[in-house]
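There are 2 protein chains.
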Amino acid sequence: MTELEKQMRRLGDNALKASRRLIGFSAKKKNRILMAMAEELEMRRDIIQSANKLDLQAAAENGLTEALTDRLTLTDARLDAMIQGVRDVAALSDPVGRRIWKRTRPNGLIIEKRRVPLGVVCIVFESRPNVTADAAVLCFKTSNAVILRGGKEALHSNSAIAEALQTGGTKAGMPAGAIQLVGTTDRDAVHILARMDDRIDVIIPRGGESLIKAVVSSATVPVLKHYKGVCNLYIDRSADLQQALAITENAKCQRPGVCNAIENLLIHSDIAADFLPLLKQMAEQRCVQLRGCGKTCAVIEGCQPATEADWSEEYLNLTLAVRVVSGLKAAIEHINIYGSHHSDAIVTDDKRNANKFLKEVDSSSVYVNASTRFTDGAMFGMGAEMGISTDKLHARGPMGLEELTTYKYVITGTGQIR
Amino acid sequence: MTELEKQMRRLGDNALKASRRLIGFSAKKKNRILMAMAEELEMRRDIIQSANKLDLQAAAENGLTEALTDRLTLTDARLDAMIQGVRDVAALSDPVGRRIWKRTRPNGLIIEKRRVPLGVVCIVFESRPNVTADAAVLCFKTSNAVILRGGKEALHSNSAIAEALQTGGTKAGMPAGAIQLVGTTDRDAVHILARMDDRIDVIIPRGGESLIKAVVSSATVPVLKHYKGVCNLYIDRSADLQQALAITENAKCQRPGVCNAIENLLIHSDIAADFLPLLKQMAEQRCVQLRGCGKTCAVIEGCQPATEADWSEEYLNLTLAVRVVSGLKAAIEHINIYGSHHSDAIVTDDKRNANKFLKEVDSSSVYVNASTRFTDGAMFGMGAEMGISTDKLHARGPMGLEELTTYKYVITGTGQIR
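As given, the protein sequences belong to chains A and B, one line each in that order. Take 6 as the starting number for the first sequence in our numbering and just add one per residue. Take 6 as the starting number for the second sequence in our numbering and just add one per residue.
Some clues are possibly wrong.
Stated by the list, open to error - Here are the computed distance ranges between Cβ atoms for each label pair:
1) A:85 with B:219: 46 to 52 Å
2) A:246 with B:191: 51 to 57 Å
3) B:89 with A:196: 45 to 51 Å
Claimed, not checked - Straight-line alpha carbon distances no greater than 30 Å define the calculated DSSO-like cross-link-like pairs of lysine-lysine that follow:
4) B:233 with B:176
5) A:233 with A:361
6) A:107 with B:300
7) A:107 with B:334
8) A:361 with B:356
These are calculated hints, taken from the structure and not from any lab test. From the three backbone atoms N, C-alpha and C, an ideal C-beta is built for every residue, glycine too.
Full structure from sequences and hints, please.
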C-alpha cells in the first residue's frame, strides 16, 4: 500500500466510524451542531479571507482565467451567503427517520419503509470554496459522514472553511471524522477513494467532463454524476413569439455560466422566417454570438455556421447554437441525441405537442413555456441542494436532503415464521 | 471494433430504439401484450421443455452439481408458475406516469415529479431459466427495453422462452428490440455491455460474487448489485427462547439455498447456557451442521470450531455458524462487519434493544421477532420482484416495478423567466 493509499484509507476509516455514530443523532442535536458551525465561520471570517487571498495570489501567478478566479473569490457577500446557508440547512426539516410507507401484512407482520442515511459520501468539486460548507452541512444534516475533495486552486480557502466547520462542530458534539477534507492535491487520491467501496457509499463528482469520465471509468463505488448542462429550447409552430423571445433571452443571458442556461435553440421551420429576425435583434442587443444551421444562416446574414460539434457543446458563455427543425419530432430527436438530459423546454400553445415533448424528452427537467433557468433545488421548493444530477438512478435533477438518504425496511413481528 | 463489440452494440441500438417507443405505450396496451406473451408461452410448452432437455443433457455430460441441475430444470409446475407469473405482472398496477408530488410555486410555475421508465435495463443472471420470463416482463411492464444475459448452461431454455415472449409480444404490437437475449456465451459480452453507458441505463448482475465483482470493476454503466445474503439472527438476553428456537429453525432450514436464509446465529452470553442445548437438539433433528466459537464449542460437545472466514460465508446449505456475544452492541458490530447488509433479525422482549438494533444495523431489511425469510417482494406486498438489491443507491432490498423506474420533473409555466 502506498503512503497515499494509507492516507485515504485512514480518511475512510474515520468517516465510517463517524457515520455509525451519526445514525443515533437526533435532528435537534444535529441542528445545534450546525448552528455552532455557523458561529465558528462567523468568528473566523478574517482567517478564511486571508486563506482565500493566498489562493487568489497563486491564481494570479498561475494565470487562472478570469471566470475561474471569479468563482474562487470569497467576497464579503459570498461569505455572508455561505454562513446564512449553514443556518438555512439547520432550519430545514430532517428526512432521516421519515416513514415512506407502513403496511400490516395478512400474517400480522408490520413492515415500514424508513429513510436512513447513505453512510459515507465523497464529493469531488472544483474551484468554488463555498461548496465546502454547502456540501458538508447537507451531508451532516442527513447524518452522513463526508469526505470533501475540492480543487487544488482553492486548497487554502477550503482548509480554512473545513477547519471552522470541524472546530465549531466538535465544540457542540460532532464526532471526529464526520467532516473531512482531503489534504493532498494529488490527482490519484480521487481514484483511490473511488475504489474504496468497503468504506464509501457514494462518490459525487461535480465539474469538468474529463474528471467525471475518469472517475466513472475507475470507480467501484457508486457514482452520482453531475455532468454538463447542454440544455435546449424549442420554439414550436404555435408559440407566442414574444414569449418565446423573452424565454430565449432569459435562458441564455441571465447567467450564461451555469448548467441550466441553454446552449441550443431549435425553431420550427414554419415560423423561422418570423422568429429569426427577432432573435438577431436580441442577440445584437445582448452580445449573444449565434452559430446557425444552413437555414438560420440563410436568414441571418453573417451568422457563423454551426458545426456538428456545436450541438453538444456546453459554451458557458454568450454563444447560442441555432437550428431550424422540421417540427416537434425532429426537435425531440435532436434533444435526446445531442442534449445532456439536464433541462429542456418547449414554447408552444399546442397542448398535445406540449405533452408529447414532456413525455418523450428524456431529461431530468422538462418545461413548457418557462425558462430552463428554474432547475435548482430552491426554485423547485426542495431547499438547498448538493448539485444537479444528470444520472437516472437514485437522484435525478436537483439533489437535496432527501436524495442524500436511502431507506431500509423495518419489520416487526410476534414470532412469524414462513 | 471486434465482431462481439459490434454484436453488443446492435443489441444496445435496438434496445434504445425500442425504449423510446415504449415511453408512449399505455398500461392497457402493455397488459394486452403481456397476456399475448403468456398465451404464446402456453402454446410453446413442448418446445420450451425440449430445449430444457438439451440443457439438462449437457449439464449431465458436464457434471453440473445437483443443486445447479435442479435450478436448471423446468418441471411442469415451474412452467405453470412462470406463465402465471406473466399474467400476475399484467394484473399489477403500472407505476409509469404516477405522480410523486405536485407543487405550485409562488411564481405560478407548476412542478410535478413523475415516474418514468429507466430506459434500457441489462440483466445478468445464472442458471434458472424462469428468470428470463420474470425479468423480461417486469421490465416490459415498466416500459423499459431489456437485454437478458443468462447462464450458458441454460442457453437453449432461455432462447426458447425469449422467442416465445418476442413472438407473442410482437403479435400484440411489441416493438422489436424491447426484449433481447444475448445469444453468445462469450464472457467478454458482459464486460462490453457494462461499458455501453451511451445505450444502457443500468446493469443488474445477479448471482456469483466473482461475476458481480468483475462487472462492478469494469462497468461505466451504473450497477445494481445483487450480492450474497449473509444474514444474521441475534438472540438477545430477554428473548423468549422457544420463539427464538422456532425462528432459528425457520430462518436456517425452511429453504437454506436462498439469500434470505441465515448463516450466522449470535447469542447473548447470559442465555447461551440455556439456549445452546436447545439449539443442539434442533440441529440434530434437522441435520444442521454447527460451526461454533470457543464458547459455543465448550457447551456443545463435538461442535466443529468456526474460523474467521465462517462469519462472512454464505453457505447456502444446512450449515450454521454460532457465536456467543457479550451483548447487543457486540451483535450489531458483528453484523455490520461480517454481514452482507441484506436481512438481519433480533429476537428480544426489550423494546429499547429492539429499536437500537433496528436503527444501527445497516441492512436493507431489519427484523424484530420474525424470520429473515420474509425479505421478498411478494411478502412485503410489493408484487413481483427482479431480485433483492444489496446496494444502497436507487434500490435497496426487494426490487419491484417501482424500482425499475426513475422520475423526471415536469414544469408547466406561462412564460416565467428568472
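Going through the hints against the structure:
no., hint, verdict
1, A:85 with B:219: 46 to 52 Å, "holds, 51 Å"
2, A:246 with B:191: 51 to 57 Å, "holds, 56 Å"
3, B:89 with A:196: 45 to 51 Å, "holds, 49 Å"
4, B:233 with B:176, "violated, 39 Å"
5, A:233 with A:361, "holds, 25 Å"
6, A:107 with B:300, "violated, 40 Å"
7, A:107 with B:334, "holds, 27 Å"
8, A:361 with B:356, "violated, 53 Å"
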